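Residue numbers (this note's numbering), protein chains in the order written: chain A, 1 to 112; chain B, 1001 to 1110.
No lab work stands behind these hints: they were computed from the structure. Everything numeric in this text was worked out from a predicted model, so none of it was measured. Even glycine gets a Cβ: it sits at the ideal position worked out from N, Cα and C. Honestly, I wouldn't trust all of these hints.
Claimed, not checked - Cβ-Cβ distance ranges computed for the label pairs, FRET-style:
#, chain 1, residue 1, chain 2, residue 2, range
1, B, N1022, A, S7, 31 to 39 Å
2, B, S1109, A, T38, 34 to 42 Å
3, A, E18, B, S1109, 39 to 47 Å
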Amino acid sequence: DAGVIQSPRHEVTEMGQEVTLRCKPISGHDYLFWYRQTMMRGLELLIYFNNNVPIDDSGMPEDRFSAKMPNASFSTLKIQPSEPRDSAVYFCAVGGRTGELFFGEGSRLTVL
Amino acid sequence: EDQVTQSPEALRLQEGESSSLNCSYTVSGLRGLFWYRQDPGKGPEFLFTLYSAGEEKEKERLKATLTKKESFLHITAPKPEDSATYLCAVRETGFQKLVFGTGTRLLVSP
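For reference, chain B alone in the conformation it holds in the complex (with noise of 0.2 Å):
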């Protein structure tokens, strides 16, 4: 059965403070990692799809990597609007649906 593991739970950051969300996980066959950002009473909003060990995506301050066994999502010099929380997921080989972690949620100070 897959399984994603984000952590931590919860991150306080100061605004410029650098740091780094982690997804583990475990699947027989990867078909995609993928990043979403999810703001209070609103749905998952993609960012990045990342498909094999060793690529990584940018936007802005976010930059997503990937390993054989988990990803990292890293905020440089984060902002305030940066607060919500980040959810991962997973698409094994073969089937179509996403199998989230239960996120982590980011409050960025100014």
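Chain A on its own, in the form it takes in the complex (with noise of 0.2 Å):
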């Protein structure tokens, strides 16, 4: 079940520039979550989504991140301005009532 395609899968960008990540869930589910990766801290929450609509973004690091899911099948993750610390797979993850998550494979950012 792969349930989620995520683009693009890589994206190298300048410190400064916007980036936008994008999420396409296939099936229905009714939770849509976005995670960081990195060596140094792990899997991170940033933002999840319940019916579209946003329920915890306390894991999102500042007011340069922002995100929208604006119907069932389309979510994004927006970073301006982007910075070098930014740089992570960013993973989009759908999941019901049951908990378990499904990912997509990742979107490997580097800010240089």
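Could you use the hints to bring the two separately framed chains together as a complex?
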């Protein structure tokens, strides 16, 4: 169950540029999550949505990060302006009431 | 604050050499402990959910167990294809999000 399609798979950009990461859930789930993974800190939750409504954004690092879910089939995570410390793999995941999450392949972001 | 600690950070085994991975957790009320497998360049893949102390789940060479403070992932007679990072996560009562540990990198040599 892939659950999610993410794009782009890889993004290399320069500091100060805007970055938009995309997530398309394949099957119907009530919840959508954005996680960030680094070697130092592992998987960290950024934000999650329930039925397209943001529920908990306490993990969003700062105002440079924003996320939207305009409908059940699409979500974006935007970083503006990007900084080198934002370099990480960003995962989108979907899940239901039982709690299991199904992750996408991730978007590897490198900010130079 | 929920905490999940996994040990060891890395483990190297010979093919057929059984071992266990540990996940210790601190949570106010456990509403599920989850094990995932992650291959390089891929997203985490769901393996098991455990809900209460004493519960066990099995899948091929893997068996997960749960106590009130920790979970173990037992790997019996591992094969090279079991090489991956194994992640543990907890879900607290009243919350939907999962809090992950930093994982154990397992390498099984032929």
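How the hints compare with the structure:
1. N1022(B) x S7(A): 31 to 39 Å: The hinted range 31 to 39 Å holds for N1022(B) and S7(A), with Cβ atoms some 36 Å apart.
2. S1109(B) x T38(A): 34 to 42 Å: Hint violated: Cβ distance 28 Å, outside 34 to 42 Å.
3. E18(A) x S1109(B): 39 to 47 Å: holds, 45 Å
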